[in-house]
Amino acid sequence: DSGVTQTPKHLITATGQRVTLRCSPRSGDLSVYWYQQSLDQGLQFLIQYYNGEERAKGNILERFSAQQFPDLHSELNLSSLELGDSALYFCASSPGQGVNEKLFFGSGTQLSVL
Amino acid sequence: GNSVTQMEGPVTLSEEAFLTINCTYTATGYPSLFWYVQYPGEGLQLLLKATKADDKGSNKGFEATYRKETTSFHLEKGSVQVSDSAVYFCALSDRGSSNTGKLIFGQGTTLQVKP
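Chains as they are written, first to last, in the numbering used here: chain E, 1 to 114; chain R, 115 to 229.
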């Protein structure tokens, strides 16, 4: 058990809908990362938050947004969903800003857009 | 931009065979290099890392050496077990001015070990 909790584990929705994925980092970790894993794109970095502030941005679509709350949990909001958004979304956390740090991954949220 | 290339899988081996999974990278600056492993139904776990050239990372019998001259970080294990069956990801972290934990992953290599 990595100590990172992601909910829900599975999510099935329709095109055009909006969903929220939730992540609770390990106790004491200040950074939260979001990654998307799909068969065609592999593991893609979406965004990193450190202590409530956006720290790094990757290939995150404009339809997607994220935030990190004062209690350090994070939410990833996906809107106007398309079939191609179907993927496994991972959250990870680390103690500091991340350089050379070990990332602890959650078990992921499997999103299916029908 | 920075990128990681891994050998395509799946790799199928018999128990106690020698394992090599090739990984090469393209990066500006001086990246740190990582191997993560993903067991079925689980998130990724750090297997080993190396932060500078000629460093050797090792864990659970796995080893990888940071070779700057060949831009490689190949994963090796002398004797694999059925329990090593998983997907292995090579990754790099750019230690440039951005100072973040962003990782760039390879496509992953599936290892299947048969008894």
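A hint or two may mislead.
With a Cα cut of at most 25 Å, we get these calculated DMTMM-like pairs of lysine to aspartate or glutamate [unchecked claim]:
#1 R:LYS182 with R:GLU156
#2 R:LYS191 with R:GLU130
#3 E:LYS9 with R:GLU130
#4 E:LYS102 with R:GLU190
FYI, nobody ran anything at the bench for these hints, they're computed from the structure.
Checked hints:
no., hint, result
1, R:LYS182 with R:GLU156, "32 Å, violated"
2, R:LYS191 with R:GLU130, "9 Å, holds"
3, E:LYS9 with R:GLU130, "35 Å, violated"
4, E:LYS102 with R:GLU190, "20 Å, holds"
In this structure, the earlier hints numbered 1 and 3 are contradicted, and the remaining ones agree with it.
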